[in-house]
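So the chains spell out like this:
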Amino acid sequence: MKFSWKLFMWTISIVAVTLAFGGYYLVSSFFQSVLSRETKQALDESVIICFAFETSALNIPSKYEHLQDRTVTQIGATLDSGGQNRYIRISGEDTAALYESNGFSSDNSILNDASDSERIYKITLADGRYYIQTAVKVNVVDRELYFETLRDITGVFEEREASFSVYTRICIAVLLCEGVIIFLLSRWLTRPVNLLSAATRNMTRGNYAYRARKISNDELGGLTEDFNEMAASLEKNVEQLQEAARSQEEFIGALTHELKTPLTAIIGYADMLRSQKMDAKKQILSANYIYQEGRRLEKLSFDLLDILVLKRTDKPMTQFSASSIFEYIEDTFSKPHINLLLQYDESWIMGDPSLIKTLLANLIDNSDKASEPSDEIEVTGKINGCTYIFTVRDHGCGILPENLDKITQAFYMTDESRSRSRHGAGLGLTLCAEIARLHDTVLNIESAVGLGTSVSFGLDTGARNTETEGGDSIE
Amino acid sequence: MIRILIVEDEKPIRDLIDIQLSTAGYSCTATGDGTEAADLIERGNFDLILLDVMLPGVNGYELMEYIRPTGVPVIFITAKHEVRDRVKGLRLGADDYIVKPFDIVELLARVETILRRCRKTDSRAEVEGVTIDFDAHAAYKKGKQLDLTTKEFGLLSLFVRNKNIALYRETLYERVWENEYAGDSRTVDLHVQRLRKKLGWERCLVTVYKIGYRLEVPK
Chain P
782 MKFSWKLFMW TISIVAVTLA FGGYYLVSSF FQSVLSRETK QALDESVIIC FAFETSALNI
842 PSKYEHLQDR TVTQIGATLD SGGQNRYIRI SGEDTAALYE SNGFSSDNSI LNDASDSERI
902 YKITLADGRY YIQTAVKVNV VDRELYFETL RDITGVFEER EASFSVYTRI CIAVLLCEGV
962 IIFLLSRWLT RPVNLLSAAT RNMTRGNYAY RARKISNDEL GGLTEDFNEM AASLEKNVEQ
1022 LQEAARSQEE FIGALTHELK TPLTAIIGYA DMLRSQKMDA KKQILSANYI YQEGRRLEKL
1082 SFDLLDILVL KRTDKPMTQF SASSIFEYIE DTFSKPHINL LLQYDESWIM GDPSLIKTLL
1142 ANLIDNSDKA SEPSDEIEVT GKINGCTYIF TVRDHGCGIL PENLDKITQA FYMTDESRSR
1202 SRHGAGLGLT LCAEIARLHD TVLNIESAVG LGTSVSFGLD TGARNTETEG GDSIE
Chain B
261 MIRILIVEDE KPIRDLIDIQ LSTAGYSCTA TGDGTEAADL IERGNFDLIL LDVMLPGVNG
321 YELMEYIRPT GVPVIFITAK HEVRDRVKGL RLGADDYIVK PFDIVELLAR VETILRRCRK
381 TDSRAEVEGV TIDFDAHAAY KKGKQLDLTT KEFGLLSLFV RNKNIALYRE TLYERVWENE
441 YAGDSRTVDL HVQRLRKKLG WERCLVTVYK IGYRLEVPK
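So the protein lines, in turn, are chains P and B.
For my numbering, count along the first sequence from 1 and bump the result up by 781.
For my numbering, count along the second sequence from 1 and bump the result up by 260.
These are calculated hints, taken from the structure and not from any lab test.
From the three backbone atoms N, C-alpha and C, an ideal C-beta is built for every residue, glycine too.
One or more hints might be untrue.
[Claimed, not checked] 20 Å max Cα-Cα, derived SDA-like pairs, lysine to any residue:
# : chain 1 : residue 1 : chain 2 : residue 2
1 : B       : LYS271    : P       : LEU1040
2 : P       : LYS1058   : B       : GLU476
3 : B       : LYS423    : B       : ILE374
4 : P       : LYS1062   : B       : LYS271
[Stated by the list, open to error] A partial selection of chain B residues facing chain P, derived with a Cβ cut-off under 10 Å:
# : residue
5 : ILE273
6 : LEU276
7 : GLU342
Input sequences plus hints: build the corresponding full structure.
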């Protein structure tokens, strides 16, 4: 059963039972109090009638020592005319009626219990009407007489019935109204649960981006919030996993491509050389291709090895001078088609000089590939507080913004064809990023298509150590 | 003459295919750029296109869309081994695919199969007085059909397709028996000797010392 139905049923049941008991108790207690008042009145009446009878009997001239049956009947008739809704009966010692009001419709079995000490009463039902019957034994003159009164209290009972029936109708009306209200209320209260449930089903179907709508600020609202938070973190995890799986797949795909292309050439040319008679020119061409592609494979494997080794290396902490780096760059890249512009502040730098050289060489190499021959490539080194900032800037083709975060991925090349026209396997920047990571810094890449690219990174100058141990590591 | 367009951006591989197909007697045009390839397809009337999937300019799949209406058969060259990639190529209308790295023998076999299937070449070849009908799997000498076993016919087809190329025992074994070469099996020698005798090719089907056999035909 649905929670809202349970809530509805329980509430309705409890309200119905409470109303029933409460109402019954209320009506009954009211009835009891009316009944006891009626009883008291009936007993009072009996006292008055007895007193009136005794008075009348004593007023009869005393020549009669004996109270005649006829006299009793006469007095009875006189007394009877006094009240409506009241009947009397006077009986002699043998309980035979001497006087009986018209309409006295009850037997005299009550007389068996009657005594002269105390009035007794009972409630009787005759011909569909309720009465209070009282009885008492009284000594008058020389007689022992039984006095009975009968008081019609049907009205009290009818009133009770009427109260019950009215109350029942009220109850039904209340329950109906309340039913509707509780039904709506329970639906409204359980709505966050339904929404949550719908969200869960949605997520089960793989729609991880779906979120439950928060519609209340109570515990259920809190639950919805918690659920959404959980969903968000789950979604993030799933995305990360998918991303990891995808990038691994891409890596393997790219590696396969990088391996297969040179292998195809090597195997193909070697096969040609061993199985065909070829002229000298073709032989040299084939051998040359085998050599080139072999070197390419070699470079690829060493680059991969470098990256793997770097991932397991600790942070290098040697001190070296900025000038040593820039002198190396000047020597290495003094080629006619490269137009290098070097500008640097002298400083001590903390790190591994050979790795930093590799990093810068790779960056300059990339810039060279992106630029037209003899375009300017600026390499600058600046001190900024305790940090030494290297920047390599070119005026080449630039990188599309959407590719910026991918360029440090292994084998990624901005040229979609993975064209080897300018050589390289797409590992250069991966290596650079890895070296930067090792030095606790990051490559800061800015690029605009058509305007050029600038890559910078900061290294610790180790300024505090310069005084104590700086002297002999220079040159 | 059969004209083949080679679209492959890696120069070493492009040259390799070019040299091989030219040696096998096809007329080859080679390019490394997708856009240029599209121009060539529009202008030239090619019988077959060898298409690399990863290309600068226009990629291989896109180029495929362009080639399909012309009805020129296409063999994809791909480095990707995943079924997904191969299926994609075939679904786009490629006739066959070849996965890098590939043997020259395999390349030639596929090229010839596709050409024959597309009726671009005669299904019959005439070599040294022997007529070979590839479709009928039969060989004739002086109008008389020769009694060849399936393996012998397989060997014959391989030699005819790779004229003047030394075929290694392992290559012969792998292609005809479609099995991994065990190393010292005499099976190949036995079959080649029988084939030689049946065809009367004692002089032109020569043994290459320590390697295998070569069908020598004057160019």
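Handout entry: Agreement of B:LYS271 and P:LEU1040 with the hint, judged by alpha carbon distance not exceeding 20 Å
Key = 16 Å, holds
Practice task
Classify the hint on B:GLU342 as holds or violated, based on whether any CB of chain P lies nearer than 10 Å to its CB.
Solution key: This hint holds: B:GLU342 lies near chain P, its Cβ roughly 8 Å from the closest one there, short of 10 Å.
Exercise for the section: Compare the distance between the alpha carbons of B:LYS423 and B:ILE374 with 20 Å, and conclude whether the hinted pair is satisfied. Expected result: This hinted pair holds, its Cα atoms lying about 19 Å apart.
Problem - Restraint status (C-alpha distance of P:LYS1058 to B:GLU476 at most 20 Å) - result: Answer holds: P:LYS1058 to B:GLU476 is near 11 Å, not above 20 Å.
Exercise for the section: Take a quick look at whether P:LYS1062 and B:LYS271 sit within 20 Å of each other, Cα to Cα. Expected result: Holds, at about 17 Å.
Problem - Hint check, B:LEU276 versus chain P [nearest Cβ-Cβ separation less than 10 Å] - result: 4 Å, holds
Practice task
Grab the minimum C-beta distance from B:ILE273 to chain P and call the hint holds if it beats 10 Å, violated otherwise.
Solution key: 5 Å, holds
Violated hints are absent here; each numbered hint is respected by the structure.
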